[in-house]
Amino acid sequence: MSRNLILNNSVGIGLRAEHYRDAISNPTAVEWFEVHSENYFGQGGAPHHYLHKVRENHPVSFHGVGLSLGSTDPLNISHLSRLKELVEIYQPTLISEHLSWSSVGGVYLHDLLPLPMTEESQNHLIDRIVQVQEFLGQQILVENASTYLEFSHSQIPEWEFICEISKRSGCMILCDVNNVYVNSRNHGFSAIEFIEAIQPDLVGEIHLSGHTVNKLSDGEIRIDTHDQRVCEEVWELYKFAIQRFNQAPTLIEWDKNLPDFSILLDEANIARNFLRESNRELA
Amino acid sequence: MNLRDLQLSFSQEILFGQDSGVQPLIHAGEFDSVRRLQIYRNNIRSTLTESLQAIFSVTEAMVGSDYFNFLARQYVIDHPPEEGNIHQFGNQFPQYVQTVEGLENFAYLADIALIDWACHTAYHASSAPSVGVDYLAQFAPDEYENLLLHQHPSVTILSSSFPVFDIWNFALKLSEETQAPDINAAGQYVLIVCNDLTVEVINLERELFHLLEMSKQNCLLGSMLAYIIDSNSAYNLETGLHKLFSTGAISNVSIGTDDCSSTN
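Top line first, the protein sequences correspond to chains A and B. Counting from 0, one number per residue, gives the positions in the first sequence under numbering that gives the first Met the number 0. Counting from 0, one number per residue, gives the positions in the second sequence under numbering that gives the first Met the number 0.
With the rest of the complex left out, here is chain A (with noise of 0.2 angstroms):
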């Protein structure tokens, strides 16, 4: 195991507080690891200790909920500052964020909030990525975020609108499956179209994550919660994903109710037997 690549085929875990033993007490049970990069903004503690334990064994991956990418403020600088700070300790192999906004005026709403699919939105979201990763000084990945309202004015399907701020700001899609599923049935579109609109060669990573029904008495609407297990509907898509996205990085995120870690470690293998069925099928 490299403790800097994060190889395609291979299968990571989000890595919360509660299981720091776990992850360092088996080191080869897991590929990669990513953490919530805010969750390490502090200067010392138990999280800095755990994370340098991880990083004796495993590569890790910074995925951020706080930069607020889409947001019309100005770019957080201190923030970024010590993302950047955080960088050069840890020597992530991936940074992501979100395609959406979270503050504006000054306040951080603190959820992924959602942004008309116009040029407006796009252009302003290639500025900022471009700007985030010349501070950096590398290149970073953006999810597609659940969703649950659309603007009447949007005028780019989701797809369109994330291949091109990939192409033109020259960073990488990270493509959360879940999402895609989510919107696809609280928008009313094809989730396979979905995949097969975006170009293979800018997937750089997959998220997978479970996702709750909200029933209503006329319909349902399906809430981006990380506090259970993929779906059989979300399995299917990822299979159809893999494929198509030349078997990219897959991680495992359980963010609320979190279960033991031997849960992780199961859905971690499902997703790794769809990776080896997939191989099997191209060979």
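There may be inaccurate statements among the hints.
Stated by the list, open to error - Some residues of chain A that are not near chain B, with every Cβ distance over 12 angstroms (derived):
1. Thr27
2. Gly44
3. Thr71
4. Val106
5. Glu133
6. Cys162
7. Pro199
8. Lys255
9. Ser277
To be verified - Once the Cα atoms are required to be at most 25 angstroms apart in a straight line, the calculated SDA-like pairs of lysine to any residue come out as:
10. B:Lys215 with B:Ala136
11. B:Lys172 with B:His149
12. A:Lys255 with B:Asn68
13. A:Lys255 with A:His152
14. A:Lys255 with B:Asn104
15. A:Lys255 with B:His149
16. A:Lys214 with B:Asn42
17. B:Lys172 with A:Ser261
18. A:Lys83 with B:Glu81
19. B:Lys242 with B:Asn231
20. A:Lys255 with B:Lys215
21. A:Lys214 with B:Glu29
22. A:Lys214 with B:Glu81
23. A:Lys52 with B:Asn194
24. B:Lys172 with B:Asn68
25. B:Lys215 with B:His149
26. A:Lys255 with B:Lys242
27. A:Lys52 with A:Val106
28. A:Lys83 with A:Tyr49
29. A:Lys214 with B:Thr48
30. A:Lys255 with B:Glu49
31. A:Lys255 with A:Arg221
32. A:Lys52 with B:Pro152
What the hints assert, rightly or not - Computed from the model, here is a short list of chain A residues facing chain B with C-beta under 8 angstroms:
33. Ile23
34. Phe40
35. Gly105
36. Tyr107
37. His109
38. Glu149
39. Asp217
40. Gly218
Bear in mind the hints are in silico, worked out from the structure with no lab data behind them. All values reported here derive from a predicted model rather than from experimental measurement. Ideal Cβ placement from N, Cα and C applies to all residues, glycine included.
Please arrange chain B on chain A, whose structure you already have, making use of the hints.
Structure of chain B alone, referenced to chain A:
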């Protein structure tokens, strides 16, 4: 509406429930825009409340989940987060608790919230080794009065007019007392420090509280000990220093010059 105005309106609508013109821009589909916005409002409330619950767990244990949720909701409106790092959210919660109408009879709650916050900051503070009292042996006796005690980066000290250490332990069920502490009992001094990745809340003697307070102002050991003896001539300095170093609150000792600005 341009992107800037849309984001400002969206934020007003979500945070304060103000009809700010964003609803007509939302494609309703199966559900109306109000319900779609409510999903975001619920997600944000739940994320921010859970973050406060994780930090202020003892405060929550004292007031109960329902009332804590009410406090959290009001706090979000009065002090919305100003950082992309959610771990900074809640830094004004103890002061906020002090001003809440209806909590006048629970004035100690703000001090409990301060301890909760200090535990949170200690958990994330820079790591550093602590030194024991034997570290002093490397200095000659005539150098003692010129020694500076450097505090561990995780240290917070608190002086409360309430028996806040007993209340904290009672709330955490750490003490065997089944009787709630008498809140009219004498006030207590508390030290919060992170030792070997574990955050500890320690009951401090008044003299050691003053010593730590003075050491933060770069007072020399000689001045600090003189102040303590002036205020309590019966105090055993040697035992006190042993106790202080055993808490892990001192990370280094060096020879310095007196920058002491006050005598407390």
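Against the structure, the hints come out as follows:
Even its closest Cβ contact with chain B, about 24 angstroms, leaves Thr27 (chain A) beyond 12 angstroms, as expected for a residue assigned away from the interface. Not every beta carbon of chain B lies more than 12 angstroms from that of Gly44 (chain A), the smallest distance being close to 5 angstroms; the non-interface claim is violated. Not every CB of chain B lies more than 12 angstroms from the CB of Thr71 (chain A), the least distance being 4 angstroms, so the non-interface label is violated. At roughly 4 angstroms from the closest C-beta of chain B, the C-beta of Val106 (chain A) falls inside 12 angstroms, breaking its exclusion from the interface.
With a cut of 12 angstroms on Cβ distances, Glu133 (chain A) stays outside the contact zone with chain B, its closest approach being about 19 angstroms. With a closest Cβ-Cβ approach of about 20 angstroms to chain B, Cys162 (chain A) is found to remain outside the 12 angstroms limit, as its non-interface label requires. Distance check on Pro199 (chain A): its Cβ is at least 30 angstroms (rounded) from any Cβ of chain B, clearing the 12 angstroms threshold; non-interface status holds. For Lys255 (chain A), the condition that its CB be more than 12 angstroms from all CB atoms of chain B is violated, with the nearest at approximately 8 angstroms.
With a least CB separation of 34 angstroms from chain B, Ser277 (chain A) remains clear of the 12 angstroms interface cut-off, as annotated. Proximity of Lys215 (chain B) to Ala136 (chain B) is assessed by CA-CA distance (about 22 angstroms); at most 25 angstroms being required, the pair is judged to hold. For the proposed pair Lys172 (chain B) and His149 (chain B), the alpha carbon gap of about 33 angstroms is over 25 angstroms, so the pair is violated. A threshold of 25 angstroms between alpha carbons decides the hint, and for Lys255 (chain A) with Asn68 (chain B) the separation of about 18 angstroms falls inside it, so the pair holds.
The hinted pair formed by Lys255 (chain A) and His152 (chain A) fails the criterion: a straight-line CA distance of about 34 angstroms is larger than 25 angstroms. Distance check on the hinted pair: Lys255 (chain A) and Asn104 (chain B) sit about 36 angstroms apart at the alpha-carbon level, beyond 25 angstroms; violated. Of the supplied pair hints, the one linking Lys255 (chain A) and His149 (chain B) is violated, its CA atoms being roughly 40 angstroms apart against a limit of 25 angstroms. For the suggested pair Lys214 (chain A) and Asn42 (chain B), the alpha carbons sit about 16 angstroms apart, so the restraint of at most 25 angstroms is met.
Among the hinted pairs, Lys172 (chain B) with Ser261 (chain A) is inconsistent with the structure: their alpha-carbon atoms are about 31 angstroms apart, more than 25 angstroms. Annotation: proposed proximity of Lys83 (chain A) to Glu81 (chain B) holds, straight-line Cα distance about 20 angstroms (limit 25 angstroms). As the CA atoms of Lys242 (chain B) and Asn231 (chain B) are separated by approximately 17 angstroms, the hinted pair is consistent with the 25 angstroms bound. Among the hinted pairs, Lys255 (chain A) with Lys215 (chain B) is inconsistent with the structure: their alpha-carbon atoms are about 40 angstroms apart, more than 25 angstroms.
This hinted pair checks out: Lys214 (chain A) and Glu29 (chain B) have alpha carbons roughly 12 angstroms apart, not beyond 25 angstroms. Restraint check for Lys214 (chain A) and Glu81 (chain B): the C-alpha separation of about 34 angstroms exceeds 25 angstroms, so the hint is violated. Of the pairs offered as hints, the one joining Lys52 (chain A) and Asn194 (chain B) holds, with about 18 angstroms between alpha carbons and a cut-off of 25 angstroms not exceeded. The hinted pair formed by Lys172 (chain B) and Asn68 (chain B) meets the criterion: a straight-line CA distance of about 22 angstroms does not exceed 25 angstroms.
Among the hinted pairs, Lys215 (chain B) with His149 (chain B) is consistent with the structure: their alpha-carbon atoms are about 8 angstroms apart, no more than 25 angstroms. For the proposed pair Lys255 (chain A) and Lys242 (chain B), the alpha carbon gap of about 41 angstroms is over 25 angstroms, so the pair is violated. At roughly 35 angstroms between alpha-carbon atoms, Lys52 (chain A) and Val106 (chain A) are farther apart than 25 angstroms, so this suggested pair is violated. Under the criterion of a C-alpha separation no larger than 25 angstroms, the hint pairing Lys83 (chain A) with Tyr49 (chain A) is consistent with the structure, at around 19 angstroms.
With a C-alpha separation of about 24 angstroms, the suggested pairing of Lys214 (chain A) with Thr48 (chain B) holds against the 25 angstroms cut-off. Restraint check for Lys255 (chain A) and Glu49 (chain B): satisfied, since their Cα atoms lie roughly 10 angstroms apart, inside the 25 angstroms limit. Proximity of Lys255 (chain A) to Arg221 (chain A) is assessed by CA-CA distance (about 16 angstroms); at most 25 angstroms being required, the pair is judged to hold. A C-alpha spacing of about 22 angstroms is found between Lys52 (chain A) and Pro152 (chain B), which places the hinted pair at or below 25 angstroms, so the restraint holds.
Given the 8 angstroms rule on beta carbons, the hint for Ile23 (chain A) is violated: about 13 angstroms separates it from the nearest Cβ of chain B. Taking 8 angstroms as the C-beta contact cut-off toward chain B, the hint placing Phe40 (chain A) at the interface holds, the least distance being around 4 angstroms. With its C-beta approaching chain B no nearer than about 6 angstroms, Gly105 (chain A) sits inside the 8 angstroms limit, and its interface hint holds. The beta carbon of Tyr107 (chain A) is positioned within 8 angstroms of a beta carbon in chain B (closest approach about 4 angstroms), and the interface hint is therefore held.
Annotation: interface hint on His109 (chain A) holds; nearest CB of chain B at approximately 5 angstroms, less than 8 angstroms. Given hint, Glu149 (chain A) at the interface with chain B, holds; its Cβ is 4 angstroms from that chain's nearest Cβ, closer than 8 angstroms. Among the interface hints, the one on Asp217 (chain A) holds; its C-beta lies about 7 angstroms from the nearest C-beta in chain B, closer than the 8 angstroms criterion. The closest approach between the C-beta of Gly218 (chain A) and any C-beta of chain B is roughly 4 angstroms, which is under the 8 angstroms cut-off, so the hint is satisfied.
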